[in-house]
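Peer 1: One letter stands for each residue in the lines below.
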Amino acid sequence: MVEWTDFERATIVDIFSKMQYEVVGPAALARCLVVYPWTQRYFGNFGNLYNAAAISGNPMVAKHGTTILHGLDRAVKNMDDIKATYAELSVLHSEKLHVDPDNFKLLSDCLTIVVAAQLGKDFTGEVQAAFQKFLAVVVSALGRQYH
Amino acid sequence: MLSAREKELISEIWERLTPVAEDIGAEALLRMFATQPGSKTYFSHLDISPSSAHLRSHGQKIVLAIAEGAKDISQLAITLGPLQTLHAYQLRIDPTNFKFFSHCMLVTLAAHMRKDFTPVAHAAMDKYLSAFAAVLSEKFR
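Taken in order, these protein sequences are the chains called D and V. All residue numbers for the first sequence refer to the UniProt record's numbering, where the first residue is 1 and numbers rise by one. All residue numbers for the second sequence refer to the UniProt record's numbering, where the first residue is 1 and numbers rise by one.
Possibly wrong hints are sitting among the right ones.
What the hints assert, rightly or not - Below, in silico cross-link-like pairs of lysine-lysine (DSBU-like), each with a Cα-Cα straight-line distance of 30 Å or less: (1) V:40 with D:133; (2) V:127 with D:105; (3) D:121 with V:139; (4) V:139 with V:99; (5) V:7 with V:99; (6) D:133 with V:127; (7) D:18 with V:115; (8) V:99 with D:83; (9) V:139 with D:105; (10) D:121 with V:61; (11) V:127 with D:121.
To be verified - Covered by chain V, per the in silico footprint, the following chain D stretches (three or more residues, Cβ under 8 Å): (12) 28-34; (13) 126-132.
Claimed, not checked - For each label pair, taking beta carbons as the anchor points, the in silico distance ranges come out as: (14) D:23 with V:78: 37 to 47 Å; (15) V:20 with D:92: 39 to 49 Å; (16) V:88 with D:73: 14 to 24 Å; (17) D:37 with V:20: 25 to 35 Å.
Calculated directly from the structure, the hints in this document are not laboratory data. C-beta atoms are modelled at their ideal positions from N, C-alpha and C, and glycine is treated no differently.
Using the sequences plus the hints, can you model the full thing?
Peer 2: Okay, here's the thing in structure tokens:
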């Protein structure tokens, strides 16, 4: 059972209440595909991922990025049981999508950096710590059903 | 592997940040202390509270070393020689902390450069900081 301070809960709720999903989601996924090109292995049918400009302009990347980001909403609403919330999604990523769970950390780092760029100096060290803790719990839940 | 264009991009960015090295360095350190409390154990002899003189001067030292290395990345092993010795024999910082610091430096750059911290700049910077950390730990064993 993860312990959340009042500050951490408030910070996570606040960040997601102001979240521009259609900007941040696509930007985070695109950034992951550019910064860690081996992650492109999971997106063979996404068309042109030839260079950074193509990736950033790719509509399938954009759509999928938005979907992934909205996937975090359930965790925000269920911060006290993120493990159970993502049990099914974990099985999906393992059994059907065959995604190496190390990739979850890569995407979560890119998401942190995109949110930092959005919030600028409001993304203080304390806010960053809360956000990274939240993402770490999500990443752990997503990797939990792998065997 | 860094392309010629990436090396240019990296050295441009660090040249622009050299005048605010204190701010950037202190912020990256503070982010690391907030997200990785274990990293504070290496600073028990200093005052690392926000805006402390120790924190700012230390942050400045680190950023200036990173900026210096960026001027000629192919010569990193030579440029970092003395710092390699310092980190291996005196500071003996566990190298996972270099990863934490690099990530916090990237977050600092994103918070300052905002839209200008493009995916391409991020990729180049991540590669540079990884190379920097690897060279820095070369004398560890």
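Peer 1: Does each hint fit the structure? Answer for all of them.
Peer 2: The hints, checked one at a time:
no.	hint	verdict
1	V:40 with D:133	holds (18 Å)
2	V:127 with D:105	holds (17 Å)
3	D:121 with V:139	violated (37 Å)
4	V:139 with V:99	holds (17 Å)
5	V:7 with V:99	holds (20 Å)
6	D:133 with V:127	holds (25 Å)
7	D:18 with V:115	holds (18 Å)
8	V:99 with D:83	holds (27 Å)
9	V:139 with D:105	holds (29 Å)
10	D:121 with V:61	holds (22 Å)
11	V:127 with D:121	holds (25 Å)
12	28-34	holds (count 3)
13	126-132	holds (count 4)
14	D:23 with V:78: 37 to 47 Å	holds (43 Å)
15	V:20 with D:92: 39 to 49 Å	holds (45 Å)
16	V:88 with D:73: 14 to 24 Å	violated (47 Å)
17	D:37 with V:20: 25 to 35 Å	holds (31 Å)
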